[in-house]
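Novice: Chains as they are written, first to last, in our numbering: chain A, 1 to 370; chain B, 371 to 663.
Worth flagging that the hints you see were computed from the coordinates, not collected in a lab.
For clarity, every value in this text was computed on a predicted model and none was experimentally measured.
Ideal placement from N, C-alpha and C gives every residue a C-beta, glycine not left out.
Be aware that one or more of the hints could be misleading.
Listed next, the stretches of chain A that the computed footprint assigns to chain B, with coverage defined by at least 3 CB atoms under 8 Å from CB atoms of chain B [what the hints assert, rightly or not]:
no.: 1; region: 122 to 131
no.: 2; region: 234 to 248
Chain B side only, calculated, beta carbon under 10 Å to chain A, not exhaustive [unchecked claim]:
no.: 3; residue: Cys387
no.: 4; residue: Arg405
no.: 5; residue: Asn425
no.: 6; residue: Thr426
no.: 7; residue: Ala427
no.: 8; residue: Val435
no.: 9; residue: Ala438
no.: 10; residue: Leu451
no.: 11; residue: Ala454
no.: 12; residue: Asp471
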Amino acid sequence: MLTVATGNKAVAAAVKEAAPAVVAAYPITPQTEIVEQIAEYVSSGELRSQYIPVESEHSAMAACIGASVTGARTFTATSSQGLQYMHEMVNWAAGARLPIVMANVNRALGPGWNIWAEHTDAIQERDSGWLQVYVGSVQEAFDAVLMAFAIAEDERVLLPVMVNLDGFLLSHTMQPFEVARAGDFIPPLHLPHAIDPAAPGGYGTLTGPEDYFKLRWDIERSMRDSAGVIRETQERFARTFGRKYGMAEEYRCEDAEVIVVAMGTLGREAEVAVDLLRGEGIRAGSMRVRWFRPFPRLDLSGRDVVVIDRDYSFGFGGVLAGSLAAAGGARPFSVIAGLGGQEVTYEDIAGFVRERRPGEEFWFGVNGDV
Amino acid sequence: MTEIPREEYILKCTSACAGCGGTLSLRYVLKAAGRDTILVVPACCTSVIQGTYPNTAFNIPVYNVAFASAAACASGMSTALRAAGKKTHVIVYAGDGGTVDIGIQALSGAFERGTDFLYICYDNEAYGNTGMQRSGATPLGARTTTTPAGKTQPKKDLDAIVAAHKPPYMATACPAYPKDLFQKVEKALSYRGPTFIHILSPCPPGWRFSTEKTVEMGKLAVRTGMWVLYEREQGKVTINGPSKAAMVKPLPAEEYLRAQGRFGGISAEAVSRMKDDAAALAQRLQKEEKGIC
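Only chain A is shown next, with the shape it has when bound in the complex (with noise of 0.2 Å):
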């Protein structure tokens, strides 16, 4: 049965399924939604979590983190200056190995105050060894929720999961969308770590560089293998739910000549562009990178490529850009867009590809018409 919720109800919906022994967050717009509904499903009892309303976001993370080590499955949800005041505990949830889950409204970063959509928030925290995975729907946001526990506690990966979700364009837009019962879909959570006084032992002592060096190889390890239990999980989720989701979702690819590459709400924006763009004779095709970590192979061989990014790297560029030309070669035309919630449609996105500059970076807005 179809509901129609925002992005934000629907992450909520997925919590409840995915039913955390503990939730510990902090409100900041857009996010905030989403630990309201939370703290209305336990305070009706609909989720029998624990819910701490804790004072700060580094506090959120600090949290989750001394919950799950204990065993307890935990969510969290942050957006923009949140996610970079939490930064340091980002980082230590990784590094202790704990399956936090934790939904990110992806939100520009101050000054400016900045309330709408960007990814550099969520792009800065790349390098942390989270899990990372941009939605483009409000069915997505829900289901990629429910997928990233069973992801982050499989045994292979044990790696906290981010799900993104632009602000407002998914955090309060609605749709129609079928809330999935969770029923066994997330196996309970065996922590092989968990902390345990009749197992006394230190967490996280002073570490000397020859094992600090094997430790972070191990994250390293476990983050490829991620990769083959988020396709097993996605078949597994197809397979129980009729949804099929891949690393990247590709539209119209086979005999692209030219193919756009972007994230989250702006993939499926471009997928409208495709179909303008076929229209006119152009064969054009489009790629939405769903999990930028572990980042996906994608073919792009022969074909130009047009890449959009809601985030910038500054002394760099594009950092979705900058990714594929690393892991492929390609000389993508670099387009900056979207930053601070700027409104980018697909009659825009076919511009871009009508005036492709291979090799080059172009800001939408700023540089004038491509």
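Using the hints, position chain B against chain A.
Specialist: Same frame as chain A, now just chain B:
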């Protein structure tokens, strides 16, 4: 008669400095808490004292966590354990820097939320782990590496801040009085909710006194009235025996100050102000004990 268990949770081969008041205190804390305990330790001397991976000198689970996050981490841990029906004690063991400075927001949040845990601040009145820089808990006139001419501000009143959260039990202690410390930990752990113990922890290298004088220094602090042993149980103040005696007939503060190199060159004004502050605290606590204010 208090029986202090023979069982040791701090094993040999810690990397503590000789005469470390913080480790001596922790020895009694863990004896009182017993085996069913998890220690949460933010960055502080104890992060190093327990030894290096894969070894540990503490025969108890220790969760080491980032500097500002101990109380919040313990908050999540306690919540998860209680939800799972476990009674395991969750004890934060944090230095003064991790408590009065960088960790005070998390501490305040965890106390306001009524977290079921014991927070212990072992206070050596400076950032010991990084080599004695000033903290908010450094007393007036004390030299540290970042106050080479002596600190110009008085010690932050941590106990007043904690008391404002109205915890069911809070106390001060000092490892020079191990039985008193032991009993206070037992009492704190008998309460549900956030409890707090503030331990003055003499530090030979930081305070610049000889390593065999840790206990003597703790006793001097209490006998001069520069440190007061008291409890605040359900809001009711009790001044403990050694401090009660010191209030009747205190030793001169100079005996405590002159015994430590960190107070070398302290001005007469600073000494006078410290004496006034100590007298004011004693008077306030005596009034509270009598229920006058």
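Novice: Take the hints in turn and mark each one as holding or not.
Specialist: Hint check:
1. 122 to 131: Three-residue rule not met by the region 122 to 131 of chain A, so violated; n is 0.
2. 234 to 248: Per the Cβ count (0), the hint is violated.
3. Cys387: Violated: closest Cβ of chain A sits about 16 Å from Cys387(B), beyond 10 Å.
4. Arg405: With Cβ-Cβ at 6 Å, under 10 Å, it holds.
5. Asn425: 8 Å, holds
6. Thr426: 4 Å, holds
7. Ala427: Hint holds; Ala427(B) Cβ to chain A Cβ min 9 Å, cut 10 Å.
8. Val435: With a minimum Cβ separation of about 7 Å from chain A (threshold 10 Å), the hint on Val435(B) holds.
9. Ala438: This hint holds: Ala438(B) lies near chain A, its Cβ roughly 6 Å from the closest one there, short of 10 Å.
10. Leu451: 6 Å, holds
11. Ala454: 7 Å, holds
12. Asp471: With a closest approach of 15 Å, the Asp471(B) hint is violated.
Hints 1, 2, 3 and 12 from the list above are not met by this structure, while the remaining hints are.
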